[in-house]
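Chains as they are written, first to last, in the working numbering: chain X, 4 to 572; chain D, 62 to 404.
None of these hints come from the bench; they were simulated from the model. Cβ atoms here follow ideal geometry from the backbone N, Cα and C, with glycine treated the same way. The reader is advised that the hints may include incorrect statements.
What the hints assert, rightly or not - Covered stretches of chain X, going by a simulated chain D footprint (3 or more residues, C-beta under 8 angstroms):
#, region
1, 249-256
2, 268-274
3, 277-291
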Amino acid sequence: MLVTHGVTLANITSNPRITMKNWLNLVLKSFFFTGFFILAGCNPNVENNALTPGIVYCSEGDPTSFNPQLTTNGTTTDASSYQLYNRLVEYDPALGSIVPALAHHWFINDNGKIYTFYLRKNVKFHHNDNFTPSRDFNADDVIFSLNRVIDSTHPYHQVSGGSYPFFQSVGFTDIINKIVKVNDYMITIHLTEKDASFMANLAANFAIIQSQEYGQQLIRQQRLSDIDNFPIGTGPFTLDSYFPNNHIRYKPNHQYWNGAPSIEQLVFDITPKSTNRIAKLMTGDCDVSALPQSSEIEIIRDNKKLELQIQTGLNVAYLGFNTEKAPFNNPTVRQALAHAINKRAIIEAVYYGSATLADSILPPLSWAYNEDLSPYKYNIEKAKSLLTQAGYSNGFSMSLWAAPVQRIYNPNALKTAELIQGQLALIGVKVNIITFGWNVFNEKLNDYAYDSVLMGWTADNADPDNFFRPLFSCAAVLSGGNRVNWCDDDFDEVLNKAIASTDENYRLPYYLKAQQTLNELVPLIPIAHALRFQVKRRNIKGMSLNPYGGISFSKAYRHQAKTSKQETQ
Amino acid sequence: MWFYIARRVNLFVFTVAVLYFLVFLMVNALPGELATNLSGIQNPDIAQYDEIVAQYQLDKSWFNQYISFIKQRIHGDFGVSFGNGQSIFNDMLTLLPATIELCVYAMIIALIFGLPLGILAAIHYKKFGDFFLLGTSLIGYSIPVFWLGVIAIMYFGLDLQWLPVAGRLNLLYQVDPVTGFTLIDIYLSNIEYKQLAYKDAFAHLIMPTLTLAVIPATVVIRITRTTMLEELNANYIKASQARGLHPITIIFHHALPNAMQPVLAQISLQLSTLLTSAMVTEVIFSWPGIGQWLIQATYQQDYPIISAGILVCAGFVILVTVVSDVLLIATTPQRRSAVYGSN
Numbered sequence: 004m005l006v007t008h009g010v011t012l013a014n015i016t017s018n019p020r021i022t023m024k025n026w027l028n029l030v031l032k033s034f035f036f037t038g039f040f041i042l043a044g045c046n047p048n049v050e051n052n053a054l055t056p057g058i059v060y061c062s063e064g065d066p067t068s069f070n071p072q073l074t075t076n077g078t079t080t081d082a083s084s085y086q087l088y089n090r091l092v093e094y095d096p097a098l099g100s101i102v103p104a105l106a107h108h109w110f111i112n113d114n115g116k117i118y119t120f121y122l123r124k125n126v127k128f129h130h131n132d133n134f135t136p137s138r139d140f141n142a143d144d145v146i147f148s149l150n151r152v153i154d155s156t157h158p159y160h161q162v163s164g165g166s167y168p169f170f171q172s173v174g175f176t177d178i179i180n181k182i183v184k185v186n187d188y189m190i191t192i193h194l195t196e197k198d199a200s201f202m203a204n205l206a207a208n209f210a211i212i213q214s215q216e217y218g219q220q221l222i223r224q225q226r227l228s229d230i231d232n233f234p235i236g237t238g239p240f241t242l243d244s245y246f247p248n249n250h251i252r253y254k255p256n257h258q259y260w261n262g263a264p265s266i267e268q269l270v271f272d273i274t275p276k277s278t279n280r281i282a283k284l285m286t287g288d289c290d291v292s293a294l295p296q297s298s299e300i301e302i303i304r305d306n307k308k309l310e311l312q313i314q315t316g317l318n319v320a321y322l323g324f325n326t327e328k329a330p331f332n333n334p335t336v337r338q339a340l341a342h343a344i345n346k347r348a349i350i351e352a353v354y355y356g357s358a359t360l361a362d363s364i365l366p367p368l369s370w371a372y373n374e375d376l377s378p379y380k381y382n383i384e385k386a387k388s389l390l391t392q393a394g395y396s397n398g399f400s401m402s403l404w405a406a407p408v409q410r411i412y413n414p415n416a417l418k419t420a421e422l423i424q425g426q427l428a429l430i431g432v433k434v435n436i437i438t439f440g441w442n443v444f445n446e447k448l449n450d451y452a453y454d455s456v457l458m459g460w461t462a463d464n465a466d467p468d469n470f471f472r473p474l475f476s477c478a479a480v481l482s483g484g485n486r487v488n489w490c491d492d493d494f495d496e497v498l499n500k501a502i503a504s505t506d507e508n509y510r511l512p513y514y515l516k517a518q519q520t521l522n523e524l525v526p527l528i529p530i531a532h533a534l535r536f537q538v539k540r541r542n543i544k545g546m547s548l549n550p551y552g553g554i555s556f557s558k559a560y561r562h563q564a565k566t567s568k569q570e571t572q
Numbered sequence: 062m063w064f065y066i067a068r069r070v071n072l073f074v075f076t077v078a079v080l081y082f083l084v085f086l087m088v089n090a091l092p093g094e095l096a097t098n099l100s101g102i103q104n105p106d107i108a109q110y111d112e113i114v115a116q117y118q119l120d121k122s123w124f125n126q127y128i129s130f131i132k133q134r135i136h137g138d139f140g141v142s143f144g145n146g147q148s149i150f151n152d153m154l155t156l157l158p159a160t161i162e163l164c165v166y167a168m169i170i171a172l173i174f175g176l177p178l179g180i181l182a183a184i185h186y187k188k189f190g191d192f193f194l195l196g197t198s199l200i201g202y203s204i205p206v207f208w209l210g211v212i213a214i215m216y217f218g219l220d221l222q223w224l225p226v227a228g229r230l231n232l233l234y235q236v237d238p239v240t241g242f243t244l245i246d247i248y249l250s251n252i253e254y255k256q257l258a259y260k261d262a263f264a265h266l267i268m269p270t271l272t273l274a275v276i277p278a279t280v281v282i283r284i285t286r287t288t289m290l291e292e293l294n295a296n297y298i299k300a301s302q303a304r305g306l307h308p309i310t311i312i313f314h315h316a317l318p319n320a321m322q323p324v325l326a327q328i329s330l331q332l333s334t335l336l337t338s339a340m341v342t343e344v345i346f347s348w349p350g351i352g353q354w355l356i357q358a359t360y361q362q363d364y365p366i367i368s369a370g371i372l373v374c375a376g377f378v379i380l381v382t383v384v385s386d387v388l389l390i391a392t393t394p395q396r397r398s399a400v401y402g403s404n
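Here chain X stands alone, though its shape is the one from the complex:
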């Protein structure tokens, strides 16, 4: 059969030269047009966004809502706190101090218990399809927003879960006695006792101001949960649309009191995979990206179009012990383990060197850092002898909980857990690693069923108190921040004394003492303070890196000069 084919073909192509030529001509033409068609789409210059002034941010996940009051989740804060809302006051990382925001001026009375805020006038709220504000921002909105957190009879207190983890951990409900409206543009907040961290807490990402008028309208419409899902704020952007698992679109608030943003839109491209975020960044689908992994830093540095921003993070990753459970109720056992963990190796293998070794819970950056602590040296023999001393010469087995997600303070908790598993095996301690998805993980932690846990903490504000009370106070055992299950009345007393004044010289000894206590009793082993990274394309300007988390696009813009030059070339 094949032979006959050959014969036939020889017959039909009797004049092979001309036929072939024509035929090839046709094929080539068809290829040419196809190729042209494809190339028309494939312009190597992907940077054609220059004409659509907007910025795309590759974020790492879906926000749980658009109200940062309800969570300490960084993804939610990024998507809402600085984009949609304002706070009474802001923390300026460059100045290192509290600066005015919705309150243009404030005054603290002599005994430090009464705070008076003078509010900014002519601040407009956003409007959306359902709501058009009839009045400007005033004292009612401040009282509405703060009372939502502290007053359980507030109509919105139970809405969207009714849990305010940040405010619970800093004891907002107890510390605020009452909030009084003096006139439309002046309020006073009365505290039950002096609290040096109060202003810092008001400046935290979570203390945002919502619209009271919108709240009342939603009560009439019986759509209470809309207040957190279809947010109305005073911030630089308004929420345009949100497609879960896909993207969030913001439009600029042209009436923004602090100067409208210069970009025409802001899009959060929800890309959970870190490698995908980097790929999108390199090919121009994203302009700024969240949380690059330490292993990707080299690639980013090599790319001329990208710029890496680094900030020493006010965060800590730690190995926490459940101090209520044997054998970890014995400080000697905890000390033994502190000697057995090689932090240096963890920093090399997990952080690829992009972290500093942690001796104290406080990063060295903080003014309250205790330099005189005697760190636990990596020493297997010492660890073994301490274990023998505690009566565990044959070792024991323990569970170690680690979440399989990337956090600012720890890029890979599972890998860390595996390293710790290997290191502790050397002193005869058998480690079982237990892991769940992030949400389930947090939920299960509240039962305190673990022996030890790999967790961390990112500071919400500049005050050292933020590293102690949310993590070690008795109140935080209930609210869930105190993962070491450690309640010590004397220690609480020290922390309370430390916030009773605004004078750093007065407060310092208490924080030094607190760190000393923690170093001796080792409820947790601090491992590392991770550096904070943010990657952006070089032509995006006006983005600063906030050490306390929370990304802001209000001043961001696309630098046009360079791109237009490229186009004219």
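Dock chain D against the given chain X, drawing on the hints supplied.
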């Protein structure tokens, strides 16, 4: 003809019934509460539970359950997702166009490249061109899609930075999904920079469609070559040669139309392969289609989505096969004698 169509429709109904039965068995065998697995409502309260029991006739025999399962699904009630509690049917409506778009463009590209190359190979029978094309197509057919996709991303995306590597359109272009097909949606939208948006959409399309097109293109080359050879060997070709017709006329006017029939028949058979590769391609290129959605659901053990995905994808393949079969018969009178419908 009508008899043939009736037979095909009959076959369609029975195949789908068997498909539904298999999925029904699967849902029954899944761990967890049956009511939850069918409806997707986790921890239903008593009222919801009663409603599910009534809908799916869970208090009746398995046959009633099977029939009401079919009824619910055919009416577009696929339950809700475990993950986000959204209606699966609505999710599917937004995702399916993305997958179809990808598959259609890949198929078009496969035809644009495959047909001429197949003819070229047939004409160059047993010469260098033929061997070259056969060899290349064999290589193309053997390359796994995921590998090709990743290599394309590495080279064209990350290394040269010519093409975007993920998604369908830069999100700065605010194009609302009306039909779900990006190009049509851009046309329907009222955005300012339509030209740029088209360009961007094309740039996003190139790598996934080309990656996906490789396997069908090689198949088209090989089939076209074989059928062209068969036709060129037929007596009527010899007769036209004897009459002195120009070789180009012979190839394009006589041989090619007849050779096309089996090629088109094969293409519909390629659809299931194409869909499978499309799912892999979607995951690699973060293409928001049904494949990525299904694979995500598999990770999260979202049983309602998995069963809905099987029903819809398999149903779609069966439907297209039957329809293309009928169309083929309608356009090819000589095949009508094959009433039992063997391909």
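Each hint tested on the structure:
no. : hint    : result
1   : 249-256 : holds (count 3)
2   : 268-274 : holds (count 4)
3   : 277-291 : holds (count 7)
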